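Enquirer: Build the complex from these two chains, which are given one at a time in their own frames, with help from the hints.
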Amino acid sequence: LSHGAGGRAMAQLIAGLFHEAFGNEWLARGNDQSAFDVAAGRMVMTTDGYVVSPLFFPGGNIGSLAVHGTVNDIAMAGARPLYLSASFIIEEGFAFADLKRIADAMGEAARAAGIAIITGDTKVVERGKADGVFISTAGVGVLPEGLDLSADKARPGDRVLLSGSLGDHGVAIMSKRQNLTFDTEIVSDSASLHDLVADMVAAGGQGIRLMRDPTRGGLAATMNEIAQQSNLGFRLLEEAIPVKPAVAAACELLGLDPLHVANEGKLVAVVAPEVADAVLAAMTRHPLGRDAADIGEAVADDHRFVQMATSFGGGRIVDWLSGEQLPRIC
Amino acid sequence: MSVPGPTSAAEPGRLRLRVRGAVQGVGFRPYVHGLATRHRLGGFVANDADGVVIEVEGDGIAEFVEALPRQTPPLARIDDIAVERVAAMSSRDFCIGASIGGRVTTRIVPDAATCEACLAELFDPGSRFHLYPFVNCTHCGPRFTIAERLPYDRATTAMKRFPLCEACRQDYENPLGRRFHAEAISCPCCGPRLSHGIDDIAATLAAGGIVAIKGLGGYQLLCDARDEQAVQRLRARKQRDGKPFAVMLASVDAASEVAEIDLTERALLEHVARPIVLSKSRHHLAPSVAPGLARIGVMLPVAPLHHLLFHALRAHVCKTAWALVCTSANPSGEPLLTDDDEAQATLHDIADLIVTHDRDIVIRADDSVVAIVAGAPSFIRRARGYVPEPIRLARAVPPMLAVGAHLKATVTVTRGDEAFVSQHLGDLDTTQAIRFFEETVQHLTSILDVAPVAIAHDMHPDMASTRFAHGRGLPTLSVQHHHAHAASVMAEHGLTGPALALVLDGYGYGSDGGAWGGELLSCDGAGFRRLGHLAPLKMPGGDRAAREPWRMAAAVLHDLDRGTEIGTRFDDQSQARHMPMLLDRADGPVTTSAGRLFDAVAGLLGVGAVQSYEGEAAMKLEALVRETTTLDHGWTIADGVLSLRPLLAHLASDRLDVAEAAGLFHGTLAAACVDWITMASRATGIGTLVLSGGCFVNAHLSAQIVRGCRAAGFDALLPRRLPPNDGGLSLGQAWAAGLHLVRNENLSGEIV
Ligand SMILES: [Fe+3]
Ligand SMILES: [Mg+2]
Ligand SMILES: [Zn+2]
Ligand SMILES: [Zn+2]
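Going down the list, the sequences are from chains A and B. Counting in my numbering, the first sequence runs from 1 upward without gaps. Counting in my numbering, the second sequence runs from 1001 upward without gaps.
Just chain B, same shape as in the assembly (with noise of 0.2 Å):
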């Protein structure tokens, strides 16, 4: 951005700046307004249908252009910023204009944790906020999970049941507050009421109650973590069996004695998105927080109650600082609840306390993980305090919507070169998720004023987002699912191709109709390559494999010529003597899933013969690795085919230590990878190289993957604003599907 022609005290003129990007509903005009009458210069600042238009004229313009992008207020993104030469007016007073109306093309922010201004005032017993629960401004506070739809504002968030009192009033019009047209504004004479007294939670807390609240995206479920009892009569009540609970501690200090927290997850934990951050656990709270994992789950307060219950619990003995299990409220695989009779009738099993309150959740959002990876954060999931921020892509594409899969479902629609991908959404195994989906589509469609042209789906016949791409009367794409995968990370990254793809998943269906998910693909724009992928494995009883690793390591011991000690080894599943025969079969369903490798090893080694939630013997094997290391001649490669055969047999066979040989996989899998990856780029001459798939949640192999490439003399390109696994999946379906909009008339189809 550069100003047009000399500007000079000898030539004041005047400037037209329109600013694109996430400018309005976060304090933009005020800041503007504060910046152009520090640099004395007259004229306007106004929100129309593109963003932010802002006339300048006096001495200090060009200083003021400099400095715009520079101290903006923290949600604000600028996209863009085009500058035009109008007539002079010679205005000396700077104003701040009403919106000027035209289609809604701006957009909504995420929902982002409690500003500092505002906390101050949260506990300074001189202001109206004092104690106030709903305290918020243009900097912090609710957005995306209360708004309806565009325009962003009070008539159209759950705040619209809220009149402003007077002294609210003065805030919202004033342009020079911190308060200046926030929309989710009120104080404890206008806004909306909590349930219950603050010290009334802190005490169930610490007595070991269980207690639910409404929190920003949904109802949480929060309990003592250093209570063994208490947080095992939660998993109990919520039927949940291993999955880990992440933990809500009060600053960055009280999170650093529960897990190692380094610099970059500090900075992440103290983001105004608050994620949940998977951290080096002490294993200093009670063992039922997350049993067996080396990872534990952080997060600081994001909403103003959540800072009054750690102010509160104060008055509470704790041996050293308080620590909350903090998940949402659900029951097992459903989604998270935020209907207040709902909550009341299905809570009241669960929680000793349930408190509400009655602004309205318009649209739910989990509380979004991430994890360092490779030096840098990654998602696990994706969903409050990022949500909608889109996704810019290397061009326009007409609008389209993209459905994902069937786990960890998200859905992405289109809007010129922005993606925007919705919330985690869930397992669409239940009615309740598969609403959720419909809702999400309706909703992120409507906040963004767009009607999509086509809708990208997987190439899976029997998903729901299957179902409901074709049910909609638009016309459909099918996208493989690892195609989409390494579209997704492409997308993010700006990549049209033509880019190498290491696609290590759990499963997709293929091109072919067949069980992929090791794959290493070559993309070019809308199409794909299966330039190899992982040696088949039998995968004995399709779905029931990925639910017992002990199925995979049978399958792994029969390829080997062991079938023998099948029964043996895993004689407390009660199959596991008819496993044999079921092997021996010629036409049984194989796999190339990188994600069942795993779990063969795990089963092999004796982390866990079944799961009880998905990834758990991946995440196991991954928290015993100490070191990696590689196995010499571990691996094959032949035609693509990528063998790990040699591998297997050493791990099967040698009673190893297990720390070991979860060191030894992971090392020699990268390596293997690496490997693979250098002859196909040689093969190829393509040396641009993206990682995606499930597996790459896994930091080992992530960081080992990344590390070998670098030393073969290639960037490998990660993932960053997406998970790798399949909550990303829509993004890569609408970037591929868009591109091949963009150069195919056919509207429907399958992209190969």
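Bound-form chain A, shown alone (with noise of 0.2 Å):
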């Protein structure tokens, strides 16, 4: 892709480009924007920016991350997603091919979530101005009768539910970008989790006080930010905390603590004791719960710690980092 001369004609490609690979009557109208019923209730709406590298990694790219990602984040809310936009900057020299590549996925991550795409821009910059593709997504979703879950609702006593194992996706996009390779391929668990959601929210109710994707910083980062955000502690249990041996082995070859890995697959919800064990149960039967475990609970605590428990009662401190893991024993 070129930047510049013959603009024109290049941004009528990619628009064709997209066009196709996301398919539907109104980005087919060709407007700047589109129009859509409102309905009924309360809406949400999100938005986000993706930058990932490698763009291309096992389990998806860049243009799915993208779906996924907001897709999530409206689903967080207890909210059925409806449409996107989608903004992409491109660098200039990128191969029209992988374009291509991102856009499809997108397109296919979209039809399967049930959602579409209804409006979008490219821009194409000099060469070293973006990292080959950038992805901006905003997307609007409606919320159920009656639910309002928030991450200052967490009470002392409730429970700690997570969807699944960690690290998948962190690991698998060092793995391709330091170029290791393991006997078992570790693929990101990127999906949309609305599906589950909606089981959740039929089981649990109001019953569930909140939900996040525990994507950037890990789960480490999402349950410090819960427990600042609620005013209390976390206990969790280690042993049942899911991940995959292959996950497990990387991460200790790397030296990673598995909680501080991105995932974009995975949820953690706090949810009122009563009715733990009927999200659980819920999520156990959902495909992307197959793996859903109990794994700890919301305590009193004025420091607002979030604690791996020992056998001894006492607990190891889960940080909040500031960026990566950085050696600590001298």
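Taking CB as the label site, the calculated pair distances span:
{"id": "1", "chain 1": "A", "residue 1": "Gly157", "chain 2": "B", "residue 2": "Gly1514", "range": "43 to 53 Å"}
{"id": "2", "chain 1": "A", "residue 1": "Gln228", "chain 2": "B", "residue 2": "Ala1120", "range": "54 to 64 Å"}
{"id": "3", "chain 1": "A", "residue 1": "Asp48", "chain 2": "B", "residue 2": "Ala1649", "range": "45 to 55 Å"}
{"id": "4", "chain 1": "A", "residue 1": "Arg155", "chain 2": "B", "residue 2": "Ala1117", "range": "57 to 67 Å"}
{"id": "5", "chain 1": "B", "residue 1": "Arg1562", "chain 2": "A", "residue 2": "Arg285", "range": "51 to 61 Å"}
{"id": "6", "chain 1": "A", "residue 1": "Gln228", "chain 2": "B", "residue 2": "Pro1188", "range": "47 to 57 Å"}
Here's a subset of chain A near chain B, in silico, CB distances under 7 Å, partners left out:
{"id": "7", "residue": "Gln178"}
{"id": "8", "residue": "Leu180"}
{"id": "9", "residue": "Gly255"}
{"id": "10", "residue": "Phe305"}
{"id": "11", "residue": "Gly315"}
{"id": "12", "residue": "Arg316"}
{"id": "13", "residue": "Leu321"}
{"id": "14", "residue": "Ser322"}
{"id": "15", "residue": "Leu326"}
{"id": "16", "residue": "Ile329"}
If you want the footprint, here are the derived chain B segments under chain A, 3+ residues with CB under 8 Å:
{"id": "17", "segment": "1400–1407"}
{"id": "18", "segment": "1454–1463"}
{"id": "19", "segment": "1545–1558"}
The set of hints was computed from the structure by calculation and includes no laboratory data. These numbers come from a predicted model, not from an experiment. Where is the CB? At the ideal position from N, CA and C, for every residue including glycine.
Expert: What follows is the structure, given as structure tokens:
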């Protein structure tokens, strides 16, 4: 792809590519915006940027990731996602074929999730001003009646439910980036979770306090955020937290704690103890929640510590890191 | 100190002496009273806000002033005495005055081992203190661990629940006695009580049982150190793998049966602080006490309870003298237990008998650990018996709080030209440790009556201490880890710079974000410059590499283009076959750490592939050394970077005898460092050198570098009053940040 000269032809080429990949009635009308009917009740809206490197990884690429990520941000409110927008910043010289792979993956992910990407934009920037492709998405969805999930709603005694194994996405990305190969290929868990969420809401209703997808910073960052916002602490059980053996081995090699590694197809829910069993059962019945587990509880704690319980009842602190996992042992 | 103007019989006059230091609650006033009376002087002695004030008149004034600092009570420390002439009042008698109020600037002294006089009473059937496990006086007993705040008197200590009986009151009020204002005194009538009889405790120990006792600074676990099964049981129940245990013995003679005790070590063992002293083991105890190590930690009884226990154990048969494993009662990695309910709940799975009493431990303090390094005592852990003795700084700095790093945490609070370093707080990995850390900040600022104006912390962004510093609403100053190591030694030796600093350490967050650890710095005032560092080595797996020395060995093999050997050399490590792939990455983490270099060599020599406790590999490597030797051309120095690649190639290639190889590594590293320092000294013109960092707990390395420096014509200063490891870090942070504040208006920032 080139920048500047021949801009018009290029823009048409790109627009055509996306129209074909996303294929829906709204884009077909060729407007700078799309109109849709407003549902009754409450809506949610979210936006996110995607800058992953490498762009292609086992289990997906930046395109599918952009759809899953935005769908999940809507779903974490307990809402049903409806429409997405997508904006692309493309580096000059980026291969057309690669852009097509990304667009196709997006279209496929959108169709699988039962949503439509109804408006978008592309810009080609000079070489070095971007790293391949950056994608920005926004999305809207509708909330079921009476549901109001929020990170400040956890209460001491609430259970913490995790939908599946940790670290798959982050380790898949890292292995690809650093050219590491393992006996078992590690595949990103990138997926749309709204369907799983719908089952959970059906089982737990307003007993669900909040949901989060532990993306960047992993489960550790997410639990610390919730602890801050709800002004309490968490006590997690290390043995209860699922990690795939291949991921655990890769983390051991790289010296990473899976708790800090990113996920793109997992959610953590804090639920009232009365509904915990029902919600967990609903999760394990869903293909994306097969390995779901009750991993701990919220506790009153003015320090807002997230701790990993030990057999002595004490706790190792699960930190909130400012960036990468730095050494500490002097 | 001198007496102003001539003092003669013709001009009797009256002098006022103001004594500063550790002079309250240590029997100082009775001492002054005795001395003044002996010299037939009139006047008085009283406590005031600065220490002790004395007024004397009479013929013997000059002799009195001369003698005053010479025969002070055992726990007293005089910092200075100011003398002024005042109007004579013709006093004939000498009396002890009441305390004169005002702002509190005096200090609480450390806990002290039972004195000879109290010991005599403990075993004197005629004494009211006969077999009383809490006997103490102004010369001994608990202080710091029972003090809630200043002023130090009974109402602000754990003794407030025990009203004095008539006999104790008389002792307390008798200005001529050893118990005059001894705030912790009590007797069987009025004092704390032990939960179990001494004979029962001794019988449990003699039968191979594990006993928890409430000691001065926290609960301790005891068992027979000659009973391998008992020691193994203790290890299993405490979930402690290979980390060595210390042993307590009744006397220096008994200690000499299990370790080679020289005169310096003997003096240390008998010091009132009663530290654990690391001495050359005779390997007479159960093998599980200190597996694989050449040195063993020995200590003498601290409290009356310990003396009583050894006394009662005499009734039980023992091949030689009784030796008891004596270790802090805490789940691995967590702070020492002090709370009685918590102790019951936690220890009932570990101990066969939990011995407690009703005197609270206000602040916990572990046993201190000391070793002789390069001819003088050096701390490995500084806690009970030494805290809160201040470090005198070269100049006054604004009141600072410094919070250390992450492992072996301590905090420091400055007050004028004094720095008070807290007891060892442990590793800030657990909620309990962080609470202990916070309590200690609170307790230390409270007993010192200081409100810090700024907080100094490590540059590492993700340490609990850093986070604490940023959450106080005070200006913060970040100090680079190895700069703080260097500044700590400078602080205790009264240096402001310029000085060279050789810091051989494990890991610290560098000013450039890198993993520093083997650093040659020049320090001046609040600033420092990185003159050089060890050649970087890959650190595959970050902190994993610090726990698994085979990884560092793999990094060395890879660096030597012998990566193909990794899989076969470490075939028992499940990750070994993937390691070359990891090491091939161009962008993997690297470190200039000296600690990781020790790990690498330990891994190469097969001393330990995986460590069960911090420093195990390096300690085992050190334990192998019989004599240190130097490999010619074993290192290169270019642009300030010291590379030991030739030495490593030698150690990796030959099938060397491990003891010989260990000696060669220590000797060559030391010689290389001396060479490195000499070059830096020539280039900078700086002749003062300080040594710091965790590697200097290694006695061979320290001794060789000090000796080499001396031969090269300059003195190398080792840390003596604080540990060279991260336990000394908070002092360095306080000193660097304090000097920064003295020179800069700007309160917050980074010290570079
Ligand atoms: Fe350090
Ligand atoms: Mg998002
Ligand atoms: Zn005494
Ligand atoms: Zn009494």
